[in-house]
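Participant: Sequence:
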Amino acid sequence: MAQVRRRVRGWGGVALRRLGWLPAGMPDGLGDDAALEGKTFPQRVVVFYAGTRQNLYQLRQWYAPLRELDATYGVLIVAADSRAARVVAQEQRLPVITVGRSATIDAIAERSGTALFCYVGHDVGNFNALRIPSALHVYLSHGESDKRVAASNLIKAYDYAFVAGQGAVDRFADQLMRFEPAGRVVPIGRPQLDAVRTGPRERPTGAPIVVLYAPTWEGGQGSSAYSSVVSHGERLVHTLLADPRFRVVYRPHPRTGVSDARFAATDARIRAAIAQAGPGHRVDRGNDPYRTFEGADLMVTDVSAIAFDWLATGRPLVVTVPPGAADVASTGLLETVPRLHAHDVGTLPDLLEREVVADPDAARRAQLVDYYFGTVGGATARFVAECDRVISERDALQADDVLRAGQGQE
1 MAQVRRRVRG WGGVALRRLG WLPAGMPDGL GDDAALEGKT FPQRVVVFYA GTRQNLYQLR
61 QWYAPLRELD ATYGVLIVAA DSRAARVVAQ EQRLPVITVG RSATIDAIAE RSGTALFCYV
121 GHDVGNFNAL RIPSALHVYL SHGESDKRVA ASNLIKAYDY AFVAGQGAVD RFADQLMRFE
181 PAGRVVPIGR PQLDAVRTGP RERPTGAPIV VLYAPTWEGG QGSSAYSSVV SHGERLVHTL
241 LADPRFRVVY RPHPRTGVSD ARFAATDARI RAAIAQAGPG HRVDRGNDPY RTFEGADLMV
301 TDVSAIAFDW LATGRPLVVT VPPGAADVAS TGLLETVPRL HAHDVGTLPD LLEREVVADP
361 DAARRAQLVD YYFGTVGGAT ARFVAECDRV ISERDALQAD DVLRAGQGQE
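My numbering puts the first residue of the sequence shown at 1, with every later residue one more than the last.
Worth double-checking, as some hints may not be accurate.
[What the hints assert, rightly or not] What follows is a list of derived Cβ distance ranges for each label pair: (1) ALA385 <-> GLY324: 35 to 45 Å; (2) ARG269 <-> ARG203: 21 to 31 Å; (3) THR40 <-> GLU234: 15 to 25 Å; (4) ARG178 <-> ALA385: 41 to 51 Å; (5) THR40 <-> ALA71: 29 to 39 Å; (6) ASN287 <-> ALA366: 20 to 30 Å; (7) ALA157 <-> VAL357: 46 to 56 Å; (8) ALA64 <-> GLN367: 35 to 45 Å; (9) ALA207 <-> GLN92: 31 to 41 Å; (10) PRO42 <-> ALA195: 24 to 34 Å.
Hints in this document: simulated from the structure, not taken from any laboratory. Even for Gly, the Cβ is constructed at its ideal location relative to N, Cα and C.
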């Protein structure tokens with residue numbers, strides 16, 4: 001009887017996955033495993049994506065650098081969720097497969113001689129590929145950040161972490177125990193910023209100031225609750241909409257409202273207010289935040305990765321002060337740019353005008369760009385070069401293993 005119940009539960013789980021009724025944040029595990037049996041792939045690099053559609057923003061920002069890497073080594077994207085895989089296949093040209101069983105990815109790596117696995121986020125499902133000893137594993141991340149989770153202990157699972165600059169190296173050294181970044185944390189710059197336009201936006205005299213409000217999501221626990229959507233967002237947007245000096249572009253994090261319904265409800269009200277405000281104000285629904293950067297004079301955001309990417313534009317930045325128990329480190333960025341408490345939202349218009357007109361922190365922000373990113377531009381080439389180095393290292397190690405195995409049989 002117990003065996004029958006297990007079979008019924010198993011069939012029920014498969015049915016739920018195939019009907020697409022699983023929660024959006026849970027990979028469906030509907031792989032191409034049967035069709036992949038015995039198949040070999042020529043690509044030497046695998047990007048292993050264990051997330052779902054909710055987290056595709058982490059992968060999307062790597063499409064362009066991965067295309068450059070593909071030209072030399074070939075890149076295969078392996079997904080754990082068929083829904084995410086379909087979206088990725090539609091959005092870009094690199095080949096995409098879905099794997100539901102860890103044994104399948106093991107067999108593919110062995111048959112194909114996969115040299116390098118890359119990961120864009122710390123998903124627990126990464127360990128299905130991290131177990132493979134015949135390749136080297138590199139964490140790419142999805143942005144520079146002052147969030148405490150940016151220095152996760154999970155970094156120790158990878159052979160290398162490619163980071164934007166010295167700021168990330170120092171963060172790992174300062175915040176992790178029993179971890180030496182030298183030789184394992186490799187600054188390459190931020191490839192996503194290679195084409196970002198820097199300097200003030202050309203704005204006719206008297207034209208409204210375009211403010212990009214780009215809050216992060218609410219996080220999964222109190223220590224990572226950096227979002228200003230509920231604490232600041234509604235009043236902030238209404239204040240700017242009521243002032244003819246400004247135009248508002250609202251770009252919420254893709255995960256806004258996933259963990260807390262209050263954030264989803266507030267986000268919906270902000271969107272509605274902007275829709276009713278008329279021409280010039282808009283909600284940015286695009287996948288590429290860097291295009292949005294070009295049309296904005298200033299950003300208001302939270303403690304988040306997008307704050308750092310905006311730094312590269314050279315334009316003013318205001319960062320909110322999170323309410324509650326969020327764990328905020330003392331950093332060069334947060335000590336340099338103006339901070340906005342929820343109770344000070346009414347003073348925001350005058351602050352923003354001062355920042356755009358006088359920009360008193362411009363020189364210090366430029367120093368921060370060098371610290372966090374090194375030279376902006378050319379990072380894609382450095383990314384490809386470091387991948388080349390890691391693949392060469394892996395091939396040399398593999399050759400040594402084969403040689404030792406042969407000597408042991410003599």
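Participant: Going through the numbered hints above, which ones does this structure break? Give me the numbers in ascending order.
Facilitator: 3, 4, 5 and 8
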